[in-house]
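Given these sequences and hints, build the entire structure.
These protein sequence lines are chains Z and P, in that order. Under the working numbering, the residues of the first sequence are numbered 277 to 628, in order. Under the working numbering, the residues of the second sequence are numbered 110 to 208, in order.
Careful: at least some of the hints might be erroneous.
Okay, the calculated bits of chain P under chain Z, using three or more residues with CB under 8 Å as the criterion [unchecked claim]: (1) 160-174; (2) 179-186; (3) 193-204.
These are calculated hints, taken from the structure and not from any lab test. Every residue gets a Cβ at the ideal spot worked out from N, C-alpha and C, and that includes glycine.
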Amino acid sequence: MKTERIKGSFPVGSVLALSALVGALLVALYVDHESGLHPDSDSSIIYTESVHVAALVGGRLQHLAVEPNQPVHKGDLLYQIDPEPYEIALHRAEASQAQAEADLNDARRALAVRMAEAATSERRHHQAEDEKDLAWRTVTRLKPLAEQHYVSWQVYDQAVTRFNSAVDALAEAQHAEQASQVAVGDVKHAEAILKEAVAAVEHARYELRQTRVTANLDGFVTSLGVREGEVLAANQVLFTLVSKDQWYALAPIREINLAPIHKGDCATVYSMIDRSHPLRGVVESVGWGVLTDYMKENDRGAPYVERQMDWVHIAQRFPVRIRIEHAAENQHLLRLGATANVEILHGAACHA
Amino acid sequence: MKLPKVAFPSRDGIPWWVVSLSLVPSKGWAWVGAPSFPIVGAYFPAWLICLVIGGIGAVLLRTIFLALHVDGLLRFHLVTYLSLGSLVGLIGWLVLFGQ
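In structure tokens form, the structure reads like this:
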């Protein structure tokens with residue numbers, strides 16, 4: 277090949293090299309600027325809330341109504357724990373309640389008797405007062421007669437003695453009345469015992485209800501690995517229910533790229549289950565904290581700082597929570613923990 | 110250099126290639142899908158793909174320039190082809206993933 281370069285002519289080669297270099301730099305700057313405005317992440321995950329399913333009471337797993345990975349609806353029966361012990365407990369509590377009711381009736385009758393006794397004592401008190409008054413009138417009547425010897429002093433002394441006896445009898449009747457008033461009391465004790473028995477019945481009914489475990493949300497059964505016959509402790513988790521009401525993508529975005537992200541921003545989410553299908557998402561929030569290993573809290577409360585210094589630091593990333601719209605139609609793309617690509621303020625789903 | 114007048118839906122004053130680039134609808138590149146490409150079970154990022162595109166672009170340009178005897182006009186071959194390759198890769202990025 278013959279190449280000729282004419283001296284003194286326009287330096288085409290140098291100009292081309294320079295323009296290509298400058299062009300490449302300019303486009304690189306533009307691409308960097310654009311990427312900064314549209315943060316993306318290829319290490320996001322598909323996420324949804326989940327519920328650990330457990331019965332509040334223990335016992336033998338009598339009936340398991342679901343299979344692994346099965347979809348369930350809110351209110352569906354998931355499993356049933358042997359209710360017999362709880363039925364027995366309920367019967368015992370009901371018997372205790374009946375006993376407490378009977379005791380309360382007894383106490384009411386005893387109260388009525390004591391009230392009648394108190395009324396009797398009151399009447400005896402009045403009677404004793406009347407007798408004392410009569411004795412006093414007899415004494416005052418006899419005194420002038422005895423002074424003029426119409427009656428013997430013996431008769432007068434007898435009247436005085438009867439009056440003193442009547443005074444003592446009145447004091448006695450007063451004390452008896454006070455005692456019977458105090459003794460009347462009430463049936464609060466029996467009522468309280470009945471309330472306690474009623475509460476025990478309610479608790480037994482509640483525990484019996486807890487032997488039936490139902491789904492509290494629409495979702496899918498995961499990590500179920502037991503069959504009927506398993507003995508479960510109270511609060512023991514049997515499996516996890518993955519909610520399907522609302523799905524999210526959690527996109528770790530570098531801190532330097534968080535600035536353009538706001539609540540309500542559009543996002544394109546690709547679940548790698550089908551990487552050709554863009555899903556439309558909406559930014560809900562940006563995580564307020566992540567655990568970092570640069571400084572660790574220890575038991576003493578003082579931070580542990582590593583005794584080394586890096587020259588180059590990797591940018592910290594914060595999870596951006598993106599709500600996926602129309603999740604129900606794209607259920608086949610949404611599995612908890614699936615890899616996802618997220619483009620915020622950007623991508624196919626944000627143009628539509 | 111004078112471009113031939115083409116019977117292409119071009120607007121006056123705008124070069125035909127800009128029009129055709131802008132006419133490529135965003136939906137047209139939707140088949141690209143997620144900016145992450147599975148190769149034997151591992152996901153490779155989009156920028157890696159663009160790096161490959163840039164490399165291939167540089168090699169292609171070199172071949173074309175050799176065939177058209179343009180290569181002889183060039184000086185600083187390394188810088189020129191590196192820059193041209195970068196340009197191809199970056200434009201590939203903008204076209205494929207920049208919408």
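Results for each hint:
1. Counting residues of the segment 160-174 of chain P whose beta-carbon sits less than 8 Å from any beta-carbon of chain Z gives 0, not enough to reach three: the coverage restraint is violated.
2. Beta-carbon proximity to chain Z at under 8 Å applies to 5 residues in the segment 179-186 of chain P; the threshold of 3 is reached and the given coverage holds.
3. Proximity of the segment 193-204 of chain P to chain Z, defined as three or more residues with a beta carbon under 8 Å from a beta carbon of that chain, is established by the 7 residues found.
When the structure is compared with the earlier hints, a violation turns up for hint 1 alone.
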